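Undergrad: Each chain is listed here by its residues.
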Amino acid sequence: MDRNQLVKWLEAPAKMSHKYSLHAVYFCTGCGIIEVPPVITARWDAERFGVLPTATPRHANLFLITGYVSVKTLRAIIRTYEQMPEPKYSVGFGSCPINGGMYWDSYNTIKHLDRYLPIDGWIAGCMPRPEAIFVAVTHLWTLIEKDMADGYKRYRRDYAQYRANQERVLGELEWPPLFAAGEDV
Amino acid sequence: MKILWFVISPLAALVVGIIFLGLSRRFMARIQWRYGPPLYQPLIDIMRYFTQKSVSHGAIFDLGVVLSLAGSLVVVLFLPFGGICPLRGSGGLLVILYMMLLAPLGMALAGGEAANPNSSIGISRKFALALGYEVPLLLIVLAVMTRYDSISICEIVAAQRAGLPGIATFPLVLSGFAYLLIMPAVLGLRPFEVVQAPQEISSGPLAELGGRYLALAQIQHALAMFIGISLFVNLMWGGASNPFVFFLKMLVVLAFGLTVNAAFPRLRIEQALRYLWRWPTLIAFVGLVLVVVIGR
Amino acid sequence: MSATLAGRLEAVFKDIRTGADGDARLTVAATPESVLPVLVFLKDSGYGYLQLVSCVDWIERGEMEVVYVLSAYPGGPVETEFESIVLKTRVPRDTPSLDTAIDVFPVAEPYEREIHELFGVHFEGHPRLVPLFLEREYEIPPFRKDFDTREYVEDVFGAVPPVVEESQEP
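Protein chains in written order, with the working numbering: chain Y, 1 to 185; chain A, 1001 to 1296; chain P, 2001 to 2170.
Honestly, the hints are just simulated from the structure, not real lab data. On a predicted model such as this, the values are computed, not experimentally measured, just so you know. Take these hints with a grain of salt, some might be off.
As the list claims (entries may be wrong) - To give an idea of the chain Y side of the interface with chain A (calculated C-beta under 8 Å), a few residues: (1) Glu-47; (2) Arg-58; (3) His-59; (4) Thr-73; (5) Arg-75; (6) Ala-76.
What the hints assert, rightly or not - Here are the in silico distance ranges between beta carbons for each label pair: (7) P:Tyr-2073 x A:Ala-1059: 57 to 63 Å; (8) P:Arg-2150 x Y:Pro-38: 34 to 40 Å; (9) P:Asp-2155 x Y:Ala-76: 23 to 29 Å; (10) A:Asn-1242 x Y:Pro-38: 42 to 48 Å; (11) A:Gly-1058 x Y:Glu-167: 25 to 31 Å; (12) Y:Glu-167 x P:Leu-2132: 19 to 25 Å; (13) A:Gly-1083 x Y:Asp-147: 47 to 53 Å; (14) P:Pro-2032 x Y:Glu-172: 49 to 55 Å; (15) Y:Glu-172 x P:Lys-2014: 48 to 54 Å; (16) A:Ala-1262 x Y:His-139: 30 to 36 Å; (17) P:Gly-2022 x A:Gln-1032: 46 to 52 Å.
Glycine is no exception: its CB is placed at the ideal position from the N, C-alpha and C atoms.
Produce the complete structure using the sequences and hints provided.
TA: Pasting the structure below:
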C-alpha cells in the first residue's frame, strides 16, 4: 500500500463521519424554511440520515440557505457561515439563491448567492419538495466522498474576491477580514 | 492489576454512556413514530466533532472543558460497575457528592469565557438546577448512609446484595421514590432540560463550543448520564454482581427517564426549582426522619 | 346622538369631504392641515385604533396620497357606526411633507418611518426618521413609480463579478 492509499485509508473514518453527521444550522432564511420542519420531524425523518438541526453555528457543518436573501439577511448569513467550524458545506435551496428567483427585479435582494458565499450545491424549485432535501443530502455524500465538496476551501483561497463582492453590496463590514491575504488552504 | 481497572473503568463507562446516548435517540424516535438514527450515531457525531477545526476563546475556555471531563471521569472511578470498583474505601459517597459538582463548574468556566449571553443564561440555569436537585439528593444519600451505617458505596452495595435492594425496604422506599422523582433533573432530561434548551438559548453553555471542545462536552454528557443512573442503581437497586446485569438494570432506569422525557415539555427554571424543593424534598426528608427514628 | 358621524364631521371641519364605501366603511378626504384635527376628532368619537398608515404615488397628478385607516376596538365605551374609516390626504410630490400623527396615535411611528424611506415623504416632528427595513442608500425612494427596478438591479447586483477560481490544471 503506497503513501496515497495509506492517507486515504486513514482519512476514511473522518470522511465517513462528515457524511453521516450533517448537522444543519437552523437559520430560517426565507420561504423555504417551511419545508424544513416536516423534514426534521416525524413526517420525513431526517435523523435517519444523520441530519439534525442545531441551534448554534458552532455545532453545525451544513448551512441550508432556504430562500430569498435580502441585503440585511446577507450580512447575518455571512457572519453565521464564518462562525461555522470547517469543514462545512453550504447548499442553496430554492431558486432565489440561484438567480434571484421570483425576486429577480427586486431592489433589495441579492441575485446570485455564489458571488458572496461559496455554495456546494443547489436545489432548484420554488419551493422544492422535502424529498428534494434528501436527494440533495445523498448527492452531498457523493461529493464529500469524492472530495468535491470544497466550498470552504474555495472561500479560504478566493477570500479577497468574496470579500470585495460583500463589501460592494453591504457597504462597510463590521468584522475584519477573516483570512489574511494569500492564506493557504 | 489495580492500575488496569483504573484505565478500564472509565473506558467502560464511556462506552456505556455512548450506548445510552444512541439508545436514547433511537428510543425517542420510536416513541415519536419515526425511525431513528442508527445506534452508533453518537460515535459518528463525536468523530466528526474531533475532525473539525475548532475555535478557542482562551486558556480558561480550554481548561474549563477539560476540567468538567476530568471531574466526571474521576467520579466514575468511585462508582461500582457490577463487581468492579477501583477506588473502594477512599471516602465513598461524600467524595462522589463533592466531585459531581466539578462538571458543571468546568462547563461554567468554559461558558463564561465564551462571552456569549446565551452561555451565561445557560450557566446560571445549570447551577440553579444543580441547587434544585442537590437538596433532595443529599437527603436521600443521608438516609441511605444512615440506614446502612457506612459512607462506602461498595459496602452499601454489598449490604443490599446480602438482603433486599434499598428501594424494597420500608423507610428507604420513600427515599427511592423521591430519587425517581428527581431522576430526570439529574440526567438533564425533560421536563428539566432547561439547561440546554436549544430552541431558547442556543444550547446554553454549549453555545460557543465547536469542534474538539464539543466532542469533549458530548463525552462528558455521556459520562454524566452514566453517573446519574449508576448512582441510583447502586444506592437503591442493590448494584449487581457482574457488569452485564448492572447494565441491564441501568437500561431499565434509562427507559424510565426517556419515557418521562418523551411525555413532558420543558419547565421554566423557577417552576423546576419549585417542584424540586417541594414534593421530592418533602418525601426524602420524611424518609430520612423515619430512617433515623426507626433505626436500622 | 341624532347626527351621523359624517354629518358631525362636515359640521365641524369645513374643508373635508366624506363618502361611503359600502355600509361598513367611511371615507374622508382631508387637506394636509386638517389631518391632525380630524384624527383627534375621530379618536374622541371612539375610533381609537390606527390600523395602518400607507401611501400611494399618483405620478401623473404630481401628488402623493397618505392614507390612514382607523377602526374601533370591539366592546369599547362608545358605540361606533362604521367598522373602519379611511382618511386620505394629498401632498405635492416634489416636496411631500406632513405633520406626524405620533402625538395622537403613537403607533404611527414605524409606519411613518417606512413611508419616509420608501416614498420620501417627510413627517415633521417625528423623533426618529431613520430607515426601518432598507440598508442601502437610494437616490430615488424605491416605491416611487419613477424608480426603475430593473435598471437598479442591473447596475447594483448585476455588476457584481462572479468569483473566478484559479485554474485547476496541474
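Undergrad: Does each hint fit the structure? Answer for all of them.
TA: Hint by hint, here is what the structure shows:
no. : hint                                : verdict
1   : Glu-47                              : holds (5 Å)
2   : Arg-58                              : holds (4 Å)
3   : His-59                              : holds (6 Å)
4   : Thr-73                              : violated (18 Å)
5   : Arg-75                              : violated (19 Å)
6   : Ala-76                              : violated (14 Å)
7   : P:Tyr-2073 x A:Ala-1059: 57 to 63 Å : holds (59 Å)
8   : P:Arg-2150 x Y:Pro-38: 34 to 40 Å   : holds (36 Å)
9   : P:Asp-2155 x Y:Ala-76: 23 to 29 Å   : holds (25 Å)
10  : A:Asn-1242 x Y:Pro-38: 42 to 48 Å   : holds (46 Å)
11  : A:Gly-1058 x Y:Glu-167: 25 to 31 Å  : holds (30 Å)
12  : Y:Glu-167 x P:Leu-2132: 19 to 25 Å  : holds (23 Å)
13  : A:Gly-1083 x Y:Asp-147: 47 to 53 Å  : holds (49 Å)
14  : P:Pro-2032 x Y:Glu-172: 49 to 55 Å  : violated (38 Å)
15  : Y:Glu-172 x P:Lys-2014: 48 to 54 Å  : holds (53 Å)
16  : A:Ala-1262 x Y:His-139: 30 to 36 Å  : holds (33 Å)
17  : P:Gly-2022 x A:Gln-1032: 46 to 52 Å : holds (50 Å)
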